[in-house]
Amino acid sequence: MSKVVFQRPHALTDTPFSYCPGCTHGIVHRLVAETLDELGIEGTTVGVAPVGCSVLAYEFFACDMVQAAHGRALAVATGLKRAMPENVVFAYQGDGDLASIGTAETVHAATRGEKITVIFINNAIYGMTGGQLAPTSLPQQVTQTSPYGRDVNEAGFPIRMVEMLSTLDGVALAQRVTVDSPKNVRAAKKAIKKAFEYQVEGVGYTIIEVVSTCPTNWGLSPADALQWLRDNMLPYYPLGVYRDVKAEGYANVAEAASARAQRLASGGDA
Amino acid sequence: MKGNEALAEAAIRAGCRFFFGYPITPQTELAAYMAKRMPKENGVYLQAESEIAAINMVYGASAAGKRAMTSSSSPGISLKAEGISYMAGADLPGVIINVQRGGPGLGGIQPSQSDYFQATRATGHGDFHLIVLAPSTVQEMTDHAYIAFDLADEYRVPVMVLADGMLGQMMEPVVLPEPKTDAAEKPWAVTGHKGERPHNIANSLYLAPERLEETNVERYERYERIKAAEQRAEEYLVEDAEIVLVAFGASSRIARSAIDKAREKGIKAGLIRPITLWPFPVDAIEAAVPGAKAFLTVEMNMGQMVDDVRLAVNGRRPVEFFGRTGGIIPTPAETLAAIERVAASLEGGAR
Chain A
2 MSKVVFQRPH ALTDTPFSYC PGCTHGIVHR LVAETLDELG IEGTTVGVAP VGCSVLAYEF
62 FACDMVQAAH GRALAVATGL KRAMPENVVF AYQGDGDLAS IGTAETVHAA TRGEKITVIF
122 INNAIYGMTG GQLAPTSLPQ QVTQTSPYGR DVNEAGFPIR MVEMLSTLDG VALAQRVTVD
182 SPKNVRAAKK AIKKAFEYQV EGVGYTIIEV VSTCPTNWGL SPADALQWLR DNMLPYYPLG
242 VYRDVKAEGY ANVAEAASAR AQRLASGGDA
Chain B
-13 MKGNEALAEA AIRAGCRFFF GYPITPQTEL AAYMAKRMPK ENGVYLQAES EIAAINMVYG
47 ASAAGKRAMT SSSSPGISLK AEGISYMAGA DLPGVIINVQ RGGPGLGGIQ PSQSDYFQAT
107 RATGHGDFHL IVLAPSTVQE MTDHAYIAFD LADEYRVPVM VLADGMLGQM MEPVVLPEPK
167 TDAAEKPWAV TGHKGERPHN IANSLYLAPE RLEETNVERY ERYERIKAAE QRAEEYLVED
227 AEIVLVAFGA SSRIARSAID KAREKGIKAG LIRPITLWPF PVDAIEAAVP GAKAFLTVEM
287 NMGQMVDDVR LAVNGRRPVE FFGRTGGIIP TPAETLAAIE RVAASLEGGA R
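Protein chains in written order, with the numbering used here: chain A, 2 to 271; chain B, -13 to 337.
Careful, some of the hints might be misleading.
Below 16 Å or equal to it, Euclidean Cα-Cα: the simulated EDC-like pairs (lysine to aspartate or glutamate) are [what the hints assert, rightly or not]:
1. Lys190/A / Glu87/A
2. Lys180/B / Asp38/A
3. Lys279/B / Glu320/B
4. Lys180/B / Glu87/A
5. Lys247/A / Glu198/A
6. Lys166/B / Glu27/B
Across the chosen pairs, the derived CB separations fall in these ranges [what the hints assert, rightly or not]:
7. Ala255/A / Arg183/B: 32 to 40 Å
8. Met165/A / Arg107/B: 34 to 42 Å
9. Trp174/B / Cys21/A: 26 to 34 Å
10. Gly150/A / Arg183/B: 48 to 56 Å
11. Ile314/B / Ala255/A: 47 to 55 Å
12. Phe18/A / Ile314/B: 53 to 61 Å
13. Lys180/B / Phe18/A: 22 to 30 Å
14. Glu182/B / Arg9/A: 36 to 44 Å
15. Thr167/B / Glu164/A: 41 to 49 Å
Because the hints were derived from the structure by calculation, they are not lab data. Every residue, glycine too, gets a C-beta built ideally from N, C-alpha and C.
Using the sequences plus the hints, can you model the full thing?
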């Protein structure tokens, strides 16, 4: 008798991905979909697709989906979650969407502690428009709009988003992962699942940054792109848990925030 | 009640439980009222980080099938333009209040009607319209907020109530409508499919040009139905009028006073007051053309609605304009003078 050992998650449609060969979007889509399957929440989940390469994510995820304007995913997600507190809401965004044009929405959804899950794909470039300088492009990185390499005196410094967001009281979980190896894919899956679990429990805002590749616009083969990620991106964007209020012993962000306020009032560290 | 507060209460009574806003003068009382009332109605008042975020929160709540609204004033509406376009493109209902102030730019905080073009022509990019309601009394602020949600749900379009700082701040007695619940069936809403239906998608992206054209053609067919069914206008002394004034909102109140004074002087003036600015009440203008010798629009701007009156009159009669702008409200006396100028030009028409 044959036994199914591997199949498409139910929470992915059978629409073929529109992503380039070697792009890590496909892996991350799968991890999100597996999570929806395992938690049995596909039917109560609404996802928000951004503007960028994953603009068509609404075709790939089988749950209800909303397509948002560039950068506005977390305002739309806020409206959805406030309208349907019992549902699960996630946004799937790239670095241009989340860390440039949507920075205000990102920071304020986080500080309000919106009970949503954000999957943040950081590949240090604008992929869909053909490889322009991103807020997370590395110093000296050559892109279409930094043809001589990112000059930090001119273009400023790359943003470390999860570090920044981890300072906010509304954030329950802020973690950076990558999907360059089976081991790291498993770790990324664990983090994504934890983020959705925290949302279901009402702990607070959760964000998982996935350090990703863009072989096409980096001008590298998929394998070389993964090596470039290890050599260049991971040193600047270290993997790790930047905030996890449950691991710190709090039930939710309100408890953690109040403890932090007391520590600060008594002259302690934030 | 104050116009802004009456409007807010009417929206709650229309079943709206989701308000997303950002502070701006002169709509302040509206948001403050919502902040006070929504928690008591198990509703949501959320002060967004920006006007842009506020309209996108409306987009989200509306996609979830809920009656949602935002309110702002002119500069804030410019910021919401993107979100309004996306709502139109995704066929999402929703109510947007504009308590207008003078512009362009930061302009001023005094009443104005200078967002007529923005509301009726170019609220955002792309082929689309809003239904635009123009109240002229506190009672109408109330009534329009109440019906706006029904119109939005019925046609799946965003609806704008285009008020101004004068109506927002003015106090008049009102009869509040009976509370109703948000009960419209919305099978398209993204509420989670629960394994019972294919996934719903709220979206305005169509990469295939044929498909995008198709969505626009379908939407314009809906607009034709709206034009046929929803034009609204009030008439005052139009039957025997030789000079037909056309004015909406606050300026229609002044026009009416000026008409009374003109009548005392023997000038047969009347008023068509558009209540819907889109669809523009072309039928009311058309009906007035045979009896009218001239039209005169009175606006608190540099001449915007006058274009729509000229389109409706289509060259058959002269269409003049009188207006003040920058937050200045025209006086009945200067409006009367404008009527007299038109009357004089008609007398000299044989020259």
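May I ask which of the numbered hints given earlier this structure violates, with the numbers listed in increasing order? 1, 3, 14
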